[in-house]
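Enquirer: Each chain, letter by letter, is given below.
2 protein chains.
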Amino acid sequence: MSKGTLYIIAAPSGAGKTSLVTELVKTSRHLTVSISYTTRPPREGEVDGQHYHFINAETFQQMIGRGVFLEHAEVFGNFYGTSMEWVEEQLTQGTDVILEIDWQGAQQIRRLAPESIGIFILPPSQKELHKRLSGRGSDSANIIALRMAKAVSEMSHYKEFDYIIINDDFDEALLDLKAVIRSQRLGLEFQQEYRKDLLSDLLQ
Amino acid sequence: MSKGTLYIIAAPSGAGKTSLVTELVKTSRHLTVSISYTTRPPREGEVDGQHYHFINAETFQQMIGRGVFLEHAEVFGNFYGTSMEWVEEQLTQGTDVILEIDWQGAQQIRRLAPESIGIFILPPSQKELHKRLSGRGSDSANIIALRMAKAVSEMSHYKEFDYIIINDDFDEALLDLKAVIRSQRLGLEFQQEYRKDLLSDLLQ
Chain A
1407 MSKGTLYIIA APSGAGKTSL VTELVKTSRH LTVSISYTTR PPREGEVDGQ
1457 HYHFINAETF QQMIGRGVFL EHAEVFGNFY GTSMEWVEEQ LTQGTDVILE
1507 IDWQGAQQIR RLAPESIGIF ILPPSQKELH KRLSGRGSDS ANIIALRMAK
1557 AVSEMSHYKE FDYIIINDDF DEALLDLKAV IRSQRLGLEF QQEYRKDLLS
1607 DLLQ
Chain B
1407 MSKGTLYIIA APSGAGKTSL VTELVKTSRH LTVSISYTTR PPREGEVDGQ
1457 HYHFINAETF QQMIGRGVFL EHAEVFGNFY GTSMEWVEEQ LTQGTDVILE
1507 IDWQGAQQIR RLAPESIGIF ILPPSQKELH KRLSGRGSDS ANIIALRMAK
1557 AVSEMSHYKE FDYIIINDDF DEALLDLKAV IRSQRLGLEF QQEYRKDLLS
1607 DLLQ
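Residue numbers (the working numbering), protein chains in the order written: chain A, 1407 to 1610; chain B, 1407 to 1610.
If we strip away everything but chain A, and leave its shape as in the complex, we get (with noise of 0.2 Å):
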């Protein structure tokens, strides 16, 4: 049993899964996102190594050949992938680790580390969705209904997941996400392995 724990937090586009895990990571202790590869050229005021780490699709070929990622996944024709041995520090060491990352890579996870927490984050409508993927502003109307389908599509894979969270207030959603990570530090596995020392002084 790794100390930490592994979890899982997808989202269709315009969920504000980022957002929200943003938010998260600033205000808990031992916990981390990892950072994903990936061969998607950085957007306006992403920094390499702080949002991704951007490498070209023939790096990305060979780190898969060298069996570096833990998942990877192809999106919209780019590739992503999270670093394995990075993973695996982080939970040796105690620290909740975090994955960002689409159904396709879910589902690569859950069959590695079966142990992971999957959370899925959704809007409160589809209204509300549309109007979050047409917002960005400067993007066409078919642009916008691929998202849309696409959101969809990675809707449709929620019952893979153990927790459902909607985010319809920001707030109300992070204190959800909250007291999903909370409360797995308190199951009774855990607390076996992490409060050895008490539950021996109390029952001696």
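Read the hints as simulated data drawn from the structure, not as lab findings. Predicted model, so just to flag it, every value in this text is computed and none were measured. Take these hints with a grain of salt, some might be off.
Since the list gives no way to pick out one identical chain from another, each pair is judged satisfied if it fits inside one copy or across any two copies.
[Unchecked claim] Cut-off 20 Å, straight-line C-alpha distance, at most; resulting in silico cross-link-like pairs (PhoX-like, lysine-lysine):
| # | residue 1 | residue 2 |
| --- | --- | --- |
| 1 | K1565 | K1602 |
| 2 | K1584 | K1602 |
| 3 | K1533 | K1556 |
| 4 | K1602 | K1533 |
| 5 | K1565 | K1537 |
| 6 | K1533 | K1584 |
| 7 | K1556 | K1409 |
| 8 | K1432 | K1533 |
| 9 | K1409 | K1602 |
| 10 | K1537 | K1409 |
| 11 | K1432 | K1602 |
| 12 | K1584 | K1537 |
| 13 | K1556 | K1432 |
Please arrange chain B on chain A, whose structure you already have, making use of the hints.
Expert: Below, chain B without anything else, positioned relative to chain A:
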């Protein structure tokens, strides 16, 4: 599937269970505590129908005979029992019910309602427990030693519960308790049942 969740909260005397549960219920929606029937005489300040339903031993035995109790147990020569009808009514209405019972009662409930969630509250150390059990004032060393022995015996059953909460700091323990209850309502099965309309809107 009943609409509410049944929580079993157990603890040795001195762990602070009653204070935690009282505070929890004050600040939670859809959550109530079952009022037990008991043959123990009321302590000072205890109100019939609020702290317990105080009844005599004969009535208690008749109620056992009529199958009224979801569980019942004998502690220090007194009987305690939980009304099945009342609990079922609450759960059907979508109210979560907390049973504050000991390990004997908890075992009975787990057999009848395996989907119930067991939470065990522990003091932070034997030393602190001894202090708390002595702190009540007027009792003799013998009574305190008996209480300590009973507490250790009760605590030896912690492995029969799903969550373990250490009540070192009251506010932290309260947050733990709230997190466990909040997270239950975010579980996949719960959400599939109670967010049915929202989920079908999203996936249409």
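Enquirer: If a hint holds in the structure, say so; if it does not, say that too.
Expert: Verification of the supplied hints:
| no. | hint | in the structure |
| --- | --- | --- |
| 1 | K1565 <-> K1602 | between (35 Å within a copy, 12 Å between copies) |
| 2 | K1584 <-> K1602 | neither (24 Å within a copy, 24 Å between copies) |
| 3 | K1533 <-> K1556 | within (15 Å within a copy, 58 Å between copies) |
| 4 | K1602 <-> K1533 | between (50 Å within a copy, 17 Å between copies) |
| 5 | K1565 <-> K1537 | neither (25 Å within a copy, 49 Å between copies) |
| 6 | K1533 <-> K1584 | neither (27 Å within a copy, 32 Å between copies) |
| 7 | K1556 <-> K1409 | neither (36 Å within a copy, 33 Å between copies) |
| 8 | K1432 <-> K1533 | neither (30 Å within a copy, 36 Å between copies) |
| 9 | K1409 <-> K1602 | within (13 Å within a copy, 36 Å between copies) |
| 10 | K1537 <-> K1409 | neither (41 Å within a copy, 33 Å between copies) |
| 11 | K1432 <-> K1602 | neither (29 Å within a copy, 32 Å between copies) |
| 12 | K1584 <-> K1537 | neither (27 Å within a copy, 33 Å between copies) |
| 13 | K1556 <-> K1432 | neither (29 Å within a copy, 43 Å between copies) |
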